[in-house]
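Let the hints inform the model, and build the full structure from the sequences given.
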Amino acid sequence: MTDKTTENTETKAASAAGPKAEKLIVSSSPHFLNTESVPKIMHTVVMALFPAVAASVYFFGFRALLLVLVCVASCMLSEYWMQKIRKKPVTVYDGSAIITGMLLALTLPPSFPVFGAFLGSFFAIVVGKQLFGGLGFNIFNPALLGRAFMQATYPVLITTWTSPRTVGHAVDAVSAATPLALMKFEGKLTPLMDLFVGNVAGSMGETSVIAILLGGLYLRYKGYINWKLPLGYLGSMAVVGGAFWLADPARYPSPLFHLFAGGAMLGAWFMVTDMVTSPVTPLGQWIFVVLGGAMAVIIRLLGGLPEGVMYSILFMNAFVPLLNKHTRPKVFGEIKTEQS
Amino acid sequence: MNSFAKMFLNLTVVGVVSGVILAGAFHVFDPLIQINKEKELKESIFVVLPEAKDYKVLEKTVGKEKLTVYEGIDASGQPVGIAFKADGGGFQGNIGVMVGLNLDYLKLKGIKILDQVETPGLGNRISEPAFEDQFKNIEITPKVEYIKNRKPEKPNQIQAITGATISSNAVVTNINNAVARVLKTFPKDEMIKMGEQAKPASAESKEHQK
Amino acid sequence: MGLLLIISAISMGVLGAGLAVFLAFADKKFQVQEDPRIEAMLGLLPGSNCGGCGYPGCRMLAEKLVSGEAPQNACVAGGMETVAKIAEMLGVEAAEHKRMLAVVLCKGGYAESERRATYRGEATCTAANLTGGDKSCTYGCLGYGECVDACKFDAMAMNSNGLPVVFYDRCVGCGACARACPRDIIEMHPEDHRLFVYCRSRDRGAHAKKVCGVACIACSLCVKDCSVQGGITIKDNLAVVNYSLAPQNDESTRRCPTGCILSGMEEQVTKKNFYASLPRQAG
Amino acid sequence: MGHKTFDRGIHPSYYKELTSSMRVETAALPKTVIIPLQQHAGAPCQPLVKKGDAVQEGQKIGDVQAFVSAPVHSSINGKVKDVDLAEHPNGSRVLSVIIDGDGTSREWKAGGAPMDTSALTPEFIRDTIRDAGIVGMGGAAFPTSVKLAPPKGKAIDTVLLNGCECEPFLTADHRIMIEETDKVVWGLRALMKATGAANGLIGVEENKPDAVEALKKAAGGHSDIRIIVTETKYPQGAEKMLIKAALNRKVPTGRLPLDVGVVVNNVGTAAAIFEAINHKKPLIERIVTVSGNGIKEPKNLKVRIGTTFEEVINQCGGLAGDAEMEVLNGGPMMGVAQTTLTVPVLKGTSGITVLTAASIKPLKYDPCIRCASCVEVCPMALMPYRLGDYGRTARVAEFKDWAGLSCIECGCCAYVCPSKRPLLQWIRVGKLRVRIEAARAKK
Amino acid sequence: MVDNTPTLWYEFKKGLWQDIPPFRLVLGTCPTLAVTNSVINGVAMGLATLFVLICSNLIVSAIRKYVASQVRIALYVVIIALFVTLADMFLAAMFPPISKALGPYVPLIVVNCILLGRAEGFAQKNPVMPSLMDALGIGIGFTLSLAVMGGIREMLGFGSFVNFKLLGEWFEPWIVMILPAGAFLVFGGLVALVNYISHRKTAAGTNP
Amino acid sequence: MKLILIFISASLINNFVLTYFLGICPFLGVSNKTENALNMGLATTFVMTLTAAATWPIYTYLLVKFNVPFLEYVAFIIVIAALVQFVEMYIRKSSPTLYRALGIYLPLITTNCAVLGLALFMVLREYNYIESIIFGFATGVGFTMAILMMSGIREELEFADVPRHFQGISITLIIAGMMALAFMGFAGLIRG
Ligand SMILES: Cc1cc2nc3c(=O)[nH]c(=O)nc-3n(C[C@H](O)[C@H](O)[C@H](O)COP(=O)(O)O)c2cc1C
Ligand SMILES: Cc1cc2nc3c(=O)[nH]c(=O)nc-3n(C[C@H](O)[C@H](O)[C@H](O)COP(=O)(O)O)c2cc1C
Ligand SMILES: Cc1cc2nc3c(=O)[nH]c(=O)nc-3n(C[C@H](O)[C@H](O)[C@H](O)COP(=O)(O)O)c2cc1C
Ligand SMILES: Cc1cc2nc3c(=O)[nH]c(=O)nc-3n(C[C@H](O)[C@H](O)[C@H](O)CO)c2cc1C
Ligand code: SF4
Ligand code: SF4
Ligand code: SF4
Ligand code: SF4
Ligand code: FES
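Residue numbers (the numbering used here), protein chains in the order written: chain P, 1 to 340; chain Y, 1 to 210; chain V, 1 to 283; chain D, 1 to 443; chain B, 1 to 208; chain S, 1 to 192.
Bear in mind the hints are in silico, worked out from the structure with no lab data behind them.
Keep in mind that this is a model prediction, so the values were computed, not measured.
Think of the CB as a built atom: it goes at the ideal place given N, C-alpha and C, for glycine as much as any other residue.
One should not assume that every hint holds.
[Claimed, not checked] For each label pair, taking beta carbons as the anchor points, the in silico distance ranges come out as:
1) G91(V) with S94(S): 27 to 37 Å
2) N242(V) with A320(D): 52 to 62 Å
3) K235(V) with Q65(D): 20 to 30 Å
4) R164(S) with E81(V): 27 to 37 Å
5) I4(S) with H11(D): 48 to 58 Å
6) A54(P) with N314(D): 54 to 64 Å
7) S94(S) with T7(B): 39 to 49 Å
8) A320(D) with K222(P): 26 to 36 Å
9) G91(V) with H326(P): 45 to 55 Å
10) Q46(D) with R164(S): 19 to 29 Å
11) H326(P) with K151(Y): 55 to 65 Å
12) H326(P) with E81(V): 44 to 54 Å
[Said to hold, decoys possible] Keeping only pairs whose Cα atoms sit at most 25 Å apart, straight-line, the calculated DSS-like set for lysine-lysine is:
13) K100(B) with K112(Y)
14) K235(V) with K81(D)
15) K100(B) with K39(Y)
16) K37(Y) with K65(S)
17) K50(D) with K31(D)
18) K85(Y) with K53(Y)
19) K109(D) with K40(P)
20) K222(P) with K420(D)
21) K33(S) with K400(D)
22) K136(Y) with K148(Y)
23) K443(D) with K235(V)
24) K193(D) with K217(D)
25) K39(Y) with K60(Y)
26) K85(Y) with K100(B)
27) K209(V) with K51(D)
28) K64(V) with K93(S)
29) K85(V) with K125(B)
30) K420(D) with K23(P)
31) K37(Y) with K100(B)
32) K31(D) with K109(D)
33) K184(Y) with K66(Y)
34) K125(B) with K271(V)
35) K66(Y) with K65(S)
36) K88(P) with K152(V)
What follows is the structure, encoded as structure tokens:
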């Protein structure tokens, strides 16, 4: 049985209101609600993503801006298109598709072709979101799904990086390695300060820790994200990364490196926290982030791919329904042994 | 007929009949399959040892393991190099490489990827001649190495395939491991001696056919 | 070649034989008889799992039928044909099976009855009823069509007056609609019932009349007009038909001042008629 | 912060300042009252009068022998106009006694000091309470005498007076605690006596410091009475939450406060008990907060039971404007919306809240975005988003399995939902379906 | 036999659309997913299955009267395995590259649900001729389905069709299509397409 | 150590369902409810472990010893069919409740290609006896995990507004595709 959502209610209620209505309204309690709304939340997240977008434009120039625009536009268009052909109310302006587009763009390398960005956005929205019925029903994080699809579709293009253009550095436009790839394949470590500011090669929005933190903390301040999720995820990464580091400091990087490099920050603040695709129960949330963080580090250090954040989140997404079902909090006053 | 007898008969008869049919079929097809396998082996040896026209099989058992190398010989029966298989894990699964080594044990003569299950379009480009050909005349001391995104600079270097560093690395590592093992097990002079004693494969297989 | 043949024949033979012995042994040891009739019975049932029989799903009913716990005419959705088949399979005479139909016992749509408030909330009848409902008549149809949603056989629709309509030709009598209605407006009746009081209001006549033009006002005219004594009675300000007594023609309904008691002949709408009667919509 | 409380819950806007400092005014004597014969949980009363009878203020006009029930009394002097079905604030039509007043009224006063509670017997207290028709005035209107008669083997150690009044807008209890402080404390002592409880507690939310002050002063002489200041949080006033906050005891699911040795009563109930015993006055009037942005002059009024909402509202300046409004019996969180203004004030009517169309919830809702807000606020630790779905789709087995029956209908979940999903309404549908299913299974 | 002729055509035809294996019956999904990264592989797999299906349906329907019910499944499976082994050897001997590409999925025809499904569901209850037609229809339907899947995946994944470069240099192949994920996605999409077409058909049928 | 690696590899990294496409039919068919999925997973795990335990000796002591490798498929399938049938009969007799929950899935397992695939892979990879059993068990665990995840997701989707043509098998396959995308993260985690 599907959700009888808005349009249903509206048309039926409107017709039922009939011609002879008096001036009293009846409804079921509670009668007044708080002022949150889905578009409000989503637009705040869009705002929170601006620092990261700005940083990517600063470091990677015009192309970064182009990619963000292409992704956002194609996400919105895809959503509009799907909702039109399904004859569903068009909800493009609630902002969730904008977030998906921005986040997808931020996970792409600056040199990624425009056509690929379009394809990824299309997949993210149409297959990753609308095929499940749109906002709220998707199982996997659409942006990450789009990224994973691109990773599998154009693995070479998506791992071709350019250096950031900053004063004093020679521009190496052809290709450069990301800090994680340097660590993994060449055993070189990037200075933490560069990572923090974002002065490294990598996906557009993943590079600048400070810009992401700014947005993330703003969201936390607004109360739209649960502190458990980002901190648990990062904490778990730090602990597992730290364990490796303590075991063999020469071979494995420090926990701070894990937190600052790659998609850890963007993932922890904006993707782990995606409400739709994370668990709703406290215990479920803990399991989600702890296992996710650990898995990200393990994939980074031992796996075939340099980046584990995306896969760890997607993988844990698939467990969310089970987690929600089986980690329900204990009902107030519930007693185990029922005595009569 | 009671049901047990029926069951018994059913299964036994089907078992015997299928056994017989399969044995018959095996008898017909197996030689063909063997020929295919041999042809594949021969072809790969001839690829990595281009001058070879025939080869000899040299075997030696060290501990539990049996090592096999193939000595390529030219039309006149003179050895032109040795070939051997190098196996090891790649990105997805096993990568098997046929490696051709110079008789002087200094340089590779060529390689051929026999089997691999790497990602099509990425890792599986190790099977492309462009990659395999890089290994011609590569020095094996101290070790074969790969470098990324640049033209090789040293005589023991090849360039890794972009986006498939792991597969490239696996090929190189496999080769290094196998070369080291062959060098240890089949010292140069012993090899020559063994080669003189062995018969060419073509002769052997003919015998076998009879 | 010969050896190979023999080896494989023997090994397969032995394997096959061993297996046969093993299974035969297991078969003897673990034999449990499951009634194959259950499967066959399931094949006869409509398979729509409508729940009209009172069991959770067709399979359950099949089991109960085979074990004799359910009457052969338990399946309401399958109709006479199914009953006959079931009876045949169970080897008994087909029980009498009267076709049941759903009847909507309220005629106060938008046109006839007043709505005193605006309802805001989930557009289902149960939900609206929880708030008391927006209708002045607290017994009448709320018009949110929960019964229509409950009908699995596409046998209902809401008409333009905000009342549900049952399609005479489609209804299989499963009773899902009656169970769904929070105000008990729908009743299940055998096909031969014709006389219905299309009102559920237990209010006194004056109030009932005030809020709805077609309410039963308990004026007793139908009680007097009924040719059989006690065929129609008044209970709780509402006329009640006693189906074992009252003749099902429309004699007794002639003088009803609000027209709420009717012989249902004219009520038999078929799906086709219903949709044909709708004004054509563009596109 | 730092005050006792329970887990989860919400902090809605309270709007209590509208009426919290207003003294209680006595409403004008109504011309007509409609007194439903069922104003309480339990069996409805049978009428004791018929059309045309003359009745006196305080005269019993309906009663029944059932244990869980409470008699009803006429709240004015006059003549019975009719005994008929009439609109009830719960939305149905209920048998009611309609009385035309003659404009006179009597005094309920007994000379001298209040009785000494230690001189009374528990039976006397219980019988007086029952006779006076006293039911819980905190909302649920459960007959108070029943609560005071615990089954054998259950001891009650604490009587907890509920002065939290966590509903937005409502200030009736607040005013009672300030203006009738002594009556409340006396009522509490009577309740303790009736149940044999050694402790008396009064739970008050921290946003009513003046009430706390007054109560502390009045209870000063009694060492067995303590005032518990709780955090201002909704639904602090729900009895399970209050017991958790005050005593750190958890009432097991499906059980009563009684099972943890507690009886919870509203402060208004306690004051009514004082009047019933000392003044022999049955429950015929109560304090009602009339507030909300749809009311011209919000007030606390002492109203005769049976007065129509219309009359009450008119005494508060009427509705503010002609636009569509919502009139609630109770506060905005738990109140029941009325379809007409001709419904009467009941014993359990603690407030009449009128909200303008613009300030109530919207009609439209969005899909659930799994934001977990509802899970985070549910004081019963349920999973409202899922219960809503199960209720809506009538999936009874799952609804029960996910503990839907434990919902106390506080509405926190629906309040916080950013998608504005009518969660509580769906849960109610689910509970109803469970009940129907159970009834059907029994048959 | 003669009076059976009209239905024989039906037995054949139903496998082509009405009961087309992987999409409608949702049987034999594993090979459908595993070997369809190119048209050739798909067709080879389909033909191998067709061969086994014909043989096993024939034998099963021929011996159906002599089989003890308790060992029915075991027996059928053995018969199927016999023909699969034959097919496997044949491929290895005659078409080594295809044999290599199909890998372990040829032996897995043994447990392809289609074979047992048809043996149990059809051949066991029907005479030889209809069983043959059924096998042909289902087998060809299966082969066609694999070819379509293979076609789409090869086209997108390599930019070619039957190894013939169709899409030009501008096309950057979608590697995902050759990977497991692509197989699932394409399969899912095709099932939806089949649903769509049949929904359209039924809709057209009821509202002329 | 090798045993642990085999376990992780077979249950996670080279998950039979999501990377080798084995056992898809039950994966699609029995994943609509978590309870069913769990039971199916357990039954499959059980049969897989037994299969590994039973086919290994047959391979080693019959097929290899007598040099008749071509009988591999036939011999294996006989053993599997017998095992499944035996387990079915046994459960039916010993625990009717368990049979109610599990029994209906057992015949499905015979035609679950994951079981035969398991035996074939086991031989191909030249595992020894203990390794084979672990491999069988781990494969079953991997199957159980995949089918459980899928069932959880499908239960969640009961309330989702999936487009009509995509409902049922179609969306299930697409979700499987997404799960396969997510599982790609494990690629190369343990080589070989
Ligand atoms: C779908 C997919 C398939 C991949 N296949 C291979 C592969 O076959 N061989 C390989 O070495 N790396 C493969 N990779 C790994 C990445 O491309 C990895 O980042 C790369 O090996 C690093 O090389 P680079 O430093 O040249 O970018 C694959 C990645 C993805 C997402
Ligand atoms: C059927 C029933 C029986 C009750 N029995 C008792 C009782 O024996 N003792 C008691 O203290 N309260 C009893 N209660 C009252 C409850 O504890 C509670 O105070 C009442 O339901 C109102 O609670 P609320 O206003 O929080 O909804 C009973 C309630 C119900 C519904
Ligand atoms: C969500 C919720 C909120 C409540 N809030 C209050 C309240 O603020 N004040 C109050 O007296 N009773 C409140 N109640 C009722 C109490 O639970 C309890 O029934 C009452 O205090 C018992 O006293 P009474 O029987 O004298 O009414 C609330 C109940 C619920 C379910
Ligand atoms: C805190 C927060 C984080 C979000 N993160 C993502 C994200 O990582 N990827 C994405 O596609 N949408 C994200 N969204 C938007 C939205 O939830 C998402 O598109 C839904 O998954 C679509 O159903 C986010 C929304 C919020 C409020
Ligand atoms: S109209 Fe009612 S009784 Fe008739 S088929 Fe529909 S739900 Fe069943
Ligand atoms: S008959 Fe009942 S369920 Fe149907 S629309 Fe009327 S009130 Fe709703
Ligand atoms: S589920 Fe019930 S108890 Fe929980 S917040 Fe909602 S209304 Fe309150
Ligand atoms: S608060 Fe609303 S949107 Fe959030 S989880 Fe609950 S029902 Fe869903
Ligand atoms: S084909 Fe593999 S399980 Fe059906």
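Hint check results:
1. G91(V) with S94(S): 27 to 37 Å: holds (34 Å)
2. N242(V) with A320(D): 52 to 62 Å: Hint holds: Cβ distance 54 Å, inside 52 to 62 Å.
3. K235(V) with Q65(D): 20 to 30 Å: holds (26 Å)
4. R164(S) with E81(V): 27 to 37 Å: Distance hint for R164(S), E81(V) holds at roughly 31 Å.
5. I4(S) with H11(D): 48 to 58 Å: holds (51 Å)
6. A54(P) with N314(D): 54 to 64 Å: Because 60 Å falls inside the window, the suggested range holds.
7. S94(S) with T7(B): 39 to 49 Å: Because 45 Å falls inside the window, the suggested range holds.
8. A320(D) with K222(P): 26 to 36 Å: Between A320(D) and K222(P), where Cβ atoms are some 34 Å apart, the hint holds.
9. G91(V) with H326(P): 45 to 55 Å: Hint holds: Cβ distance 49 Å, inside 45 to 55 Å.
10. Q46(D) with R164(S): 19 to 29 Å: Because 57 Å falls outside the window, the suggested range is violated.
11. H326(P) with K151(Y): 55 to 65 Å: holds (56 Å)
12. H326(P) with E81(V): 44 to 54 Å: The hinted range 44 to 54 Å holds for H326(P) and E81(V), with Cβ atoms some 46 Å apart.
13. K100(B) with K112(Y): OK: K100(B) and K112(Y) at ~17 Å, within 25 Å.
14. K235(V) with K81(D): Given that 25 Å is the threshold and the Cα spacing comes to 24 Å, the pair holds.
15. K100(B) with K39(Y): holds (14 Å)
16. K37(Y) with K65(S): Distance ~23 Å between K37(Y) and K65(S) Cα, so the pair holds.
17. K50(D) with K31(D): holds (19 Å)
18. K85(Y) with K53(Y): Given that 25 Å is the threshold and the Cα spacing comes to 19 Å, the pair holds.
19. K109(D) with K40(P): Cα-Cα ~58 Å, so violated.
20. K222(P) with K420(D): holds (19 Å)
21. K33(S) with K400(D): holds (18 Å)
22. K136(Y) with K148(Y): With a Cα-Cα distance of about 19 Å, the restraint between K136(Y) and K148(Y) holds, given a limit of 25 Å.
23. K443(D) with K235(V): holds (24 Å)
24. K193(D) with K217(D): holds (21 Å)
25. K39(Y) with K60(Y): Holds. K39(Y) to K60(Y) sits at ~23 Å (cutoff 25 Å).
26. K85(Y) with K100(B): Roughly 18 Å between the alpha carbons, so the hint for K85(Y) and K100(B) holds.
27. K209(V) with K51(D): holds (22 Å)
28. K64(V) with K93(S): holds (22 Å)
29. K85(V) with K125(B): Distance of about 23 Å is within 25 Å: holds.
30. K420(D) with K23(P): holds (23 Å)
31. K37(Y) with K100(B): holds (11 Å)
32. K31(D) with K109(D): holds (23 Å)
33. K184(Y) with K66(Y): holds (14 Å)
34. K125(B) with K271(V): violated (41 Å)
35. K66(Y) with K65(S): holds (20 Å)
36. K88(P) with K152(V): Judged against 25 Å, a Cα distance of about 24 Å means the pair holds.
Against the hints set out earlier in the document, violations occur for numbers 10, 19 and 34.
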